[in-house]
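Student: If you want the building blocks of each chain, they are given just below.
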Amino acid sequence: MTAENCPPEAYQIEGALVLDPFTGREWSGPVVVEGGRVVEAPSGAVPVRRVEADGLWLVPRLVDIHVHFRSPGQEWKEDLESGSKAAAAGGMTAVATMPNTVPPVDDPALVTWQRSTGERLGYTQIWPIGAVTRGLAGETLADLWRMQEAGAVAFSDDGRPVWDSRLMRSALTYSQSLRVPIIQHAEDPRLFEGAAMHEGAVSLRLGIPAGPAEAESVMVWRDVQLAALTGGRLHIAHLSAPGSLEAVAWAKARGLRVTAEVTPHHLLLTDEAVAEWGYHAVTKVNPPLRPQAVRDALIEAVCQGVVEVIASDHAPHHADEKALPYAEAPFGIAGLETSLGVVLTVLVHTGRLKPIDAFRRMSAAPHAVLGLSYPGIVPGAAADLTLIDPYHEWTVEPERFYSKGKNTPLAGMRLKGRAVATMVRGIWVMREGAVSAACWDA
Amino acid sequence: MDDFLGIAELSTKTLEDLLDTAQALSEILSRPIKKVPTLRGRAIANAFFEPSTRTRNAFELAAKYLSADVVNFSSTGSSLEKGESVWDTVKTLEALGVDAVVVRHREAGVPQLMAERLAIPVINAGDGEHEHPTQALLDLLTVRQRFGRLQGLRVAIVGDVLHSRVARSDLYGFLALGARVTLVGPPGLVSEEWREWGAEVTWDLAQGIRGAHVVQVLRIQRERQAQGLLPSWQEYRERWGITREHLGWADPNVLVLHPGPQNRGVEIDSEVLEGAQSAVLDQVRNGVAVRMAVLYRLLGGAAE
Ligand SMILES: [Zn+2]
Numbered sequence: 001m002t003a004e005n006c007p008p009e010a011y012q013i014e015g016a017l018v019l020d021p022f023t024g025r026e027w028s029g030p031v032v033v034e035g036g037r038v039v040e041a042p043s044g045a046v047p048v049r050r051v052e053a054d055g056l057w058l059v060p061r062l063v064d065i066h067v068h069f070r071s072p073g074q075e076w077k078e079d080l081e082s083g084s085k086a087a088a089a090g091g092m093t094a095v096a097t098m099p100n101t102v103p104p105v106d107d108p109a110l111v112t113w114q115r116s117t118g119e120r121l122g123y124t125q126i127w128p129i130g131a132v133t134r135g136l137a138g139e140t141l142a143d144l145w146r147m148q149e150a151g152a153v154a155f156s157d158d159g160r161p162v163w164d165s166r167l168m169r170s171a172l173t174y175s176q177s178l179r180v181p182i183i184q185h186a187e188d189p190r191l192f193e194g195a196a197m198h199e200g201a202v203s204l205r206l207g208i209p210a211g212p213a214e215a216e217s218v219m220v221w222r223d224v225q226l227a228a229l230t231g232g233r234l235h236i237a238h239l240s241a242p243g244s245l246e247a248v249a250w251a252k253a254r255g256l257r258v259t260a261e262v263t264p265h266h267l268l269l270t271d272e273a274v275a276e277w278g279y280h281a282v283t284k285v286n287p288p289l290r291p292q293a294v295r296d297a298l299i300e301a302v303c304q305g306v307v308e309v310i311a312s313d314h315a316p317h318h319a320d321e322k323a324l325p326y327a328e329a330p331f332g333i334a335g336l337e338t339s340l341g342v343v344l345t346v347l348v349h350t351g352r353l354k355p356i357d358a359f360r361r362m363s364a365a366p367h368a369v370l371g372l373s374y375p376g377i378v379p380g381a382a383a384d385l386t387l388i389d390p391y392h393e394w395t396v397e398p399e400r401f402y403s404k405g406k407n408t409p410l411a412g413m414r415l416k417g418r419a420v421a422t423m424v425r426g427i428w429v430m431r432e433g434a435v436s437a438a439c440w441d442a
Numbered sequence: 001m002d003d004f005l006g007i008a009e010l011s012t013k014t015l016e017d018l019l020d021t022a023q024a025l026s027e028i029l030s031r032p033i034k035k036v037p038t039l040r041g042r043a044i045a046n047a048f049f050e051p052s053t054r055t056r057n058a059f060e061l062a063a064k065y066l067s068a069d070v071v072n073f074s075s076t077g078s079s080l081e082k083g084e085s086v087w088d089t090v091k092t093l094e095a096l097g098v099d100a101v102v103v104r105h106r107e108a109g110v111p112q113l114m115a116e117r118l119a120i121p122v123i124n125a126g127d128g129e130h131e132h133p134t135q136a137l138l139d140l141l142t143v144r145q146r147f148g149r150l151q152g153l154r155v156a157i158v159g160d161v162l163h164s165r166v167a168r169s170d171l172y173g174f175l176a177l178g179a180r181v182t183l184v185g186p187p188g189l190v191s192e193e194w195r196e197w198g199a200e201v202t203w204d205l206a207q208g209i210r211g212a213h214v215v216q217v218l219r220i221q222r223e224r225q226a227q228g229l230l231p232s233w234q235e236y237r238e239r240w241g242i243t244r245e246h247l248g249w250a251d252p253n254v255l256v257l258h259p260g261p262q263n264r265g266v267e268i269d270s271e272v273l274e275g276a277q278s279a280v281l282d283q284v285r286n287g288v289a290v291r292m293a294v295l296y297r298l299l300g301g302a303a304e
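Protein sequences appear in the order of chains R and H. Reading the first sequence from the start, the letters are residues 1 to 442 in this note's numbering. Reading the second sequence from the start, the letters are residues 1 to 304 in this note's numbering.
Quick caveat, the hints were computed from the structure, so don't treat them as lab data. Heads up, a few of these hints could be off.
Which bits of chain R does chain H cover? Going by a derived footprint, with three or more residues having C-beta under 8 Å, they are [what the hints assert, rightly or not]:
1. 205 to 217
2. 278 to 284
3. 323 to 333
Here are some chain H residues the structure puts well away from chain R; computed CB gaps all over 10 Å [stated by the list, open to error]:
4. A8
5. D20
6. V70
7. T92
8. F147
9. R165
10. R168
11. A176
12. L177
13. A206
14. E245
15. Q262
16. R285
Note that CB positions come from ideal geometry on N, CA and C, so glycine has one too.
Based on the provided sequences and hints, a complete structural model is requested.
Tutor: If you want it as structure tokens, here you go:
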């Protein structure tokens with residue numbers, strides 16, 4: 001897109017408060033970008049454009065390490081282009097895509113295809129996650145090393161758990177010879193069988209089939225034990241249960257290589273939203289929205305660092321699918337374009353976290369989980385930058401999403417703070433909410 | 001009232017009015033010619049996406065006794081099997097000109113979602129494990145006829161409360177009209193959570209029905225055993241079955257209800273079902289009266 005077609009320019013971003021979770025530094029001062037990288041000063045070889053960013057925050061390499069881009073195979077829900085644009089709109093300069101596509105990403109060729117398509121599109125960097133088991137069937141290990149060599153950043157059967165304990169042991173054991181973690185969608189399939197929401201007072205009132213939070217935590221406890229047994233690297237996807245928090249804390253206290261993420265929707269909403277939305281499946285998500293006490297515990301865990309990553313579990317679906325009766329509709333919330341706003345609204349504007357610490361959970365921490373390095377805003381670093389207006393109040397209007405998935409129970413809610421410009425490898429891919437391949441002056 | 005979706009959302013006043021209307025209409029049922037012209041020229045659609053003979057028949061007769069025309073739709077052999085959505089199915093019925101649609105669906109919330117999509121009234125004939133509001137009306141009416149009141153009565157609802165839409169609707173209705181409700185069933189099939197709503201909860205049948213004026217016996221689904229929720233039917237019967245012996249714990253004038261169809265010898269014995277304390281045939285007759293009352297209220301335009 002823009003890279004080849006636009007005349008080369010350097011950018012001097014002025015007036016922004018720079019928040020760099022990679023170095024832990026905060027400062028006000030110009031940041032200069034040239035040739036796709038952060039530089040000390042413009043070389044003079046190309047024209048320099050000044051970017052006025054007074055009152056904005058500048059954050060490097062925001063990533064979302066849990067998204068579903070549905071391609072190959074389910075492009076009516078999302079494709080790599082619409083998903084990439086949604087990432088750019090949401091301020092994310094990289095995303096890790098889950099492999100539960102049709103066919104699943106269990107082969108190096110698909111990893112290469114997703115990664116290179118992302119590069120060609122240029123709106124965000126697509127980091128493919130490969131399947132743990134061949135065909136996501138939960139029976140035999142996929143070729144993890146070959147996928148890693150092709151560019152896979154982690155392995156997961158997300159959408160379903162690796163439920164077979166012996167196979168999970170094998171995956172964790174084998175992953176020791178790799179640089180990347182096994183990401184578990186923790187769900188005891190029998191305990192959550194037939195369930196469509198969290199089991200509690202709200203499900204009882206609504207009569208919707210429900211499952212307990214322990215459907216998640218029993219598997220997290222098993223997996224941290226397997227992490228202890230094997231020494232493998234375990235990352236818990238979309239953690240949502242108090243028992244899971246205890247298991248992760250237990251693992252961390254023992255020095256095990258265990259990490260976890262929560263989603264913005266579990267930090268913002270409770271199962272009361274299911275009643276408020278009156279059986280509309282827009283609130284149906286797995287793991288399900290939990291009661292207030294669980295939400296409070298998750299917020300606390302993020303603030304304390306028991307959970308170090310925030311990731312959206314962006315799960316776009318077609319409107320017709322989400323219009324099905326509650327129990328028949330698919331699970332999932334399209335979250336890429338609201339993630340930053342929710343984090344700022346729930347964690348930063350409430351004073352719970354300093355801005356740099358909130359952004360760490362969406363930048364440096366997920367890099368560490370995936371074993372990736374990024375130097376922060378220093379000369380030579382890839383210019384993956386997001387400008388954020390922290391005080392901009394806005395209403396979530398899914399019809400304006402770049403994602404094909406308009407399925408979000410945040411529709412109509414007010415959030416405070418959003419990305420106003422996104423730069424990927426030195427190229428502005430989003431400015432003032434508009435994702436564009438056009439050159440600056442076009 | 002634009003739709004009839006659940007007991008939980010009705011005011012006490014509306015609930016009492018519906019029972020009064022049903023009582024008045026029930027007199028029509030003892031006439032030799034059971035037909036009044038109230039809804040002449042109106043058409044009712046029965047849209048049953050889950051099999052039901054009893055409820056559908058009651059709605060059909062209720063509509064016909066009020067002189068309405070009835071079209072029956074059931075999911076077997078319908079366009080649903082060609083992939084049509086439930087919303088399109090009822091939209092089509094509306095476009096055909098029906099004045100109200102009666103909906104039964106295996107999933108909670110479907111009638112409510114239909115009501116949002118349709119301009120005509122939607123009547124919930126049972127949705128998943130959520131509500132079965134006309135069943136509660138007929139239970140309330142049956143009890144009120146027998147005792148002359150609901151205030152202060154002790155009501156026990158026995159069995160698989162957790163999975164029962166009847167239990168939920170009954171609970172709301174009896175509590176709203178001043179009865180005391182005890183929920184009795186095996187651990188795992190009753191929730192302690194219901195105490196918050198004003199019910200008593202127990203696993204012990206003797207304790208649960210002691211002094212009860214009304215025992216509502218829920219149908220136990222065969223699949224609960226396959227799901228690992230229950231041991232054998234023999235054990236269920238011995239602990240929670242309504243046998244003549246167990247009924248001795250209740251008030252001497254106890255009224256036994258069952259929404260049907262019954263598993264005789266499991267949740268209820270034949271000698272109780274056919275005994276003097278059983279009100280199941282009154283329930284069936286009142287089932288027509290309360291559905292007439294609901295149709296009358298939604299379409300008759302007379303009640304306020
Ligand atoms: Zn998942």
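Student: Which earlier hints can't be squared with this structure?
Tutor: Checked against the structure, the hints that fail are numbers 4, 9, 10, while the rest are satisfied.
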